[in-house]
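K.L.:
The primary structure of each chain is shown beneath.
Number of protein chains: 2
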Amino acid sequence: MESEHFGDRLAERVKQRGNPVLVGLDPRWRQLPSGVRGNDESPSGQASAYEAFCQGVIDVVAPLVAAVKPQMAFFEQLGPPGLTALESVVRYARSHGLLVILDGKRNDIGSTATAYAGGLLGSESGFGGDALTVSPYLGDDSLTPFVERASATGSGVFVLVKTSNPGGGMFQDLIADGQPVYRHVADYVEQLASQSLGEANYGCVGAVVGATYPEQLAELRAAMPHSWLLVPGFGAQGGAAADVAHAFDEEGLGAIINSSRAIIFAHARPEFAHYGETKWQDAVDAATNEMAEQLRTAIH
Amino acid sequence: MESEHFGDRLAERVKQRGNPVLVGLDPRWRQLPSGVRGNDESPSGQASAYEAFCQGVIDVVAPLVAAVKPQMAFFEQLGPPGLTALESVVRYARSHGLLVILDGKRNDIGSTATAYAGGLLGSESGFGGDALTVSPYLGDDSLTPFVERASATGSGVFVLVKTSNPGGGMFQDLIADGQPVYRHVADYVEQLASQSLGEANYGCVGAVVGATYPEQLAELRAAMPHSWLLVPGFGAQGGAAADVAHAFDEEGLGAIINSSRAIIFAHARPEFAHYGETKWQDAVDAATNEMAEQLRTAIH
Numbered sequence: 001m002e003s004e005h006f007g008d009r010l011a012e013r014v015k016q017r018g019n020p021v022l023v024g025l026d027p028r029w030r031q032l033p034s035g036v037r038g039n040d041e042s043p044s045g046q047a048s049a050y051e052a053f054c055q056g057v058i059d060v061v062a063p064l065v066a067a068v069k070p071q072m073a074f075f076e077q078l079g080p081p082g083l084t085a086l087e088s089v090v091r092y093a094r095s096h097g098l099l100v101i102l103d104g105k106r107n108d109i110g111s112t113a114t115a116y117a118g119g120l121l122g123s124e125s126g127f128g129g130d131a132l133t134v135s136p137y138l139g140d141d142s143l144t145p146f147v148e149r150a151s152a153t154g155s156g157v158f159v160l161v162k163t164s165n166p167g168g169g170m171f172q173d174l175i176a177d178g179q180p181v182y183r184h185v186a187d188y189v190e191q192l193a194s195q196s197l198g199e200a201n202y203g204c205v206g207a208v209v210g211a212t213y214p215e216q217l218a219e220l221r222a223a224m225p226h227s228w229l230l231v232p233g234f235g236a237q238g239g240a241a242a243d244v245a246h247a248f249d250e251e252g253l254g255a256i257i258n259s260s261r262a263i264i265f266a267h268a269r270p271e272f273a274h275y276g277e278t279k280w281q282d283a284v285d286a287a288t289n290e291m292a293e294q295l296r297t298a299i300h
Numbered sequence: 001m002e003s004e005h006f007g008d009r010l011a012e013r014v015k016q017r018g019n020p021v022l023v024g025l026d027p028r029w030r031q032l033p034s035g036v037r038g039n040d041e042s043p044s045g046q047a048s049a050y051e052a053f054c055q056g057v058i059d060v061v062a063p064l065v066a067a068v069k070p071q072m073a074f075f076e077q078l079g080p081p082g083l084t085a086l087e088s089v090v091r092y093a094r095s096h097g098l099l100v101i102l103d104g105k106r107n108d109i110g111s112t113a114t115a116y117a118g119g120l121l122g123s124e125s126g127f128g129g130d131a132l133t134v135s136p137y138l139g140d141d142s143l144t145p146f147v148e149r150a151s152a153t154g155s156g157v158f159v160l161v162k163t164s165n166p167g168g169g170m171f172q173d174l175i176a177d178g179q180p181v182y183r184h185v186a187d188y189v190e191q192l193a194s195q196s197l198g199e200a201n202y203g204c205v206g207a208v209v210g211a212t213y214p215e216q217l218a219e220l221r222a223a224m225p226h227s228w229l230l231v232p233g234f235g236a237q238g239g240a241a242a243d244v245a246h247a248f249d250e251e252g253l254g255a256i257i258n259s260s261r262a263i264i265f266a267h268a269r270p271e272f273a274h275y276g277e278t279k280w281q282d283a284v285d286a287a288t289n290e291m292a293e294q295l296r297t298a299i300h
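Chains as they are written, first to last, in the working numbering: chain A, 1 to 300; chain B, 1 to 300.
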């Protein structure tokens, strides 16, 4: 029987699958395999193609990985039809045994944060996510409504701490009271995590820490022993398996490593080009297994 | 003929209407007038009620104010039907001569930020907003895609600088290099604004600065002479007209002052209770005019 605590559910899935791969669902119209894309470029047409494409990815990766991470921006770009497709993709992924981490980087204050949490977190919510990424700029009273909802519904929250993009340091690396802003955020996230521990000794609150800053990743792993780390920036953004090795605890748990384009559009990568566009799902399968193997080697 | 630059469009509307009131559209199910709410509590039923309610507010305030600010969280809370209602509300407001500032506090990196901007900014976008609120935590390369889209489409961006909530200071007030983090953000926003000036001498990039911190509001007005300020926290959150007086330039421009609950649910305020629930639109009218008059007095 599955635990109700998000940290435990994630630990169980990662152990079952034997790897920490998180597949990012970032559909982009021009990069869809032409057989999936079709000719209808209206918002509804694109939304239908996104839905079919993501379901095709899920069919392949559901037996292989613990979780998927739909990027809400690509669905929101299409307006209401895109959000309808997103809701369908979330349902499809969950029904295939995957945890769904909605990448929305949402944030707001008080009762407005409560509304976001009610829309995005938990099976009874509008979109039904198992977890959500949130931004910390608005401070503690903007994060607690998400944490409370997560605790109550067995879902999770990943707070942006140190992001993978080149400009991430502009405000995150400012030094205040002897340590960078991201470390202040990390300390608060760890506090929230340690107040919401499950049986696996992780909280329902975790942190987003980019793979492109390996030293900070090691620092933050040590500073946040009860926080799951969601690590973007692997693959297309330049992070390698060796860079993320320090993200894990001694049991090889505590971090999930995201890859989006390099997996879902693997058919466009030179090394998988032999599959061709029609066998794009075989390329997804190969790329997922390749990444899982790279991470298994790096962790042990 | 109307200018294509967002800063100019906002200046023209504020001058035409003679006040800087921004009406926040924050529909909440339990607070809707019972005649609007109805009995269908399904997501679709609630979404229909939100749409009808917001249209009813727009009918009243369109001749009175320059802009409305739908809070995306309350629509997103309902799942896909809520977003369909939001898109309809945006269209309705624009067709009634209002500028629409989508309060989404979105943020992401690179091409993902571009996707959000494509979904939310400009009449050709998925939701068709005239402007969008964004969060700065991810740094400069997360903001430029929004700014580029805004420049290209005559729309605007409001970056969170100093927020109105009690916890806003947790990270925003950390002192780095001799000044608070929010001031670092403000300096960058002003740089973006001064690079995108319109005829009114304001950029297409502005800042969110809470009414609940009057001293910082005056400081930031001086530090950001080319940035429109979006000022939340008036009314229900405690800010008064005297507190926001320093947000304006010498012509009484440069700031818009948001009020949400105190206007849209004015029928629930003791001083407007005599309208009763059935005349809730008359209460909206009275509350809007009252706030406009308070601000006119405070500015001059």
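Please keep in mind that the hints were generated in silico from the structure rather than gathered at the bench. Yeah, the Cβ is synthetic: ideal placement off N, Cα and C, and Gly gets one too. Hints may contain errors.
[Unchecked claim] From the derived model, a few chain A residues whose C-beta atoms are all more than 10 angstroms from chain B:
id, residue
1, 87
2, 92
3, 163
[As the list claims (entries may be wrong)] Derived Cβ-Cβ restraints for the label pairs, each shown as a range:
id, chain 1, residue 1, chain 2, residue 2, range
4, B, 124, A, 282, 34 to 42 angstroms
5, A, 144, B, 45, 49 to 57 angstroms
6, B, 35, A, 34, 32 to 40 angstroms
7, A, 274, B, 44, 44 to 52 angstroms
8, B, 191, A, 270, 38 to 46 angstroms
9, B, 55, A, 152, 29 to 37 angstroms
10, A, 240, B, 39, 54 to 62 angstroms
11, B, 191, A, 144, 56 to 64 angstroms
12, A, 199, B, 110, 36 to 44 angstroms
13, B, 191, A, 240, 33 to 41 angstroms
14, A, 166, B, 215, 29 to 37 angstroms
15, B, 97, A, 270, 36 to 44 angstroms
K.L.:
Now tell me if each hint is right for this structure.
P.N.:
Okay, the hints, checked on the actual structure:
no. : hint                              : result
1   : 87                                : 5 angstroms, violated
2   : 92                                : 14 angstroms, holds
3   : 163                               : 5 angstroms, violated
4   : B:124 x A:282: 34 to 42 angstroms : 37 angstroms, holds
5   : A:144 x B:45: 49 to 57 angstroms  : 30 angstroms, violated
6   : B:35 x A:34: 32 to 40 angstroms   : 52 angstroms, violated
7   : A:274 x B:44: 44 to 52 angstroms  : 47 angstroms, holds
8   : B:191 x A:270: 38 to 46 angstroms : 40 angstroms, holds
9   : B:55 x A:152: 29 to 37 angstroms  : 34 angstroms, holds
10  : A:240 x B:39: 54 to 62 angstroms  : 58 angstroms, holds
11  : B:191 x A:144: 56 to 64 angstroms : 33 angstroms, violated
12  : A:199 x B:110: 36 to 44 angstroms : 38 angstroms, holds
13  : B:191 x A:240: 33 to 41 angstroms : 35 angstroms, holds
14  : A:166 x B:215: 29 to 37 angstroms : 35 angstroms, holds
15  : B:97 x A:270: 36 to 44 angstroms  : 54 angstroms, violated
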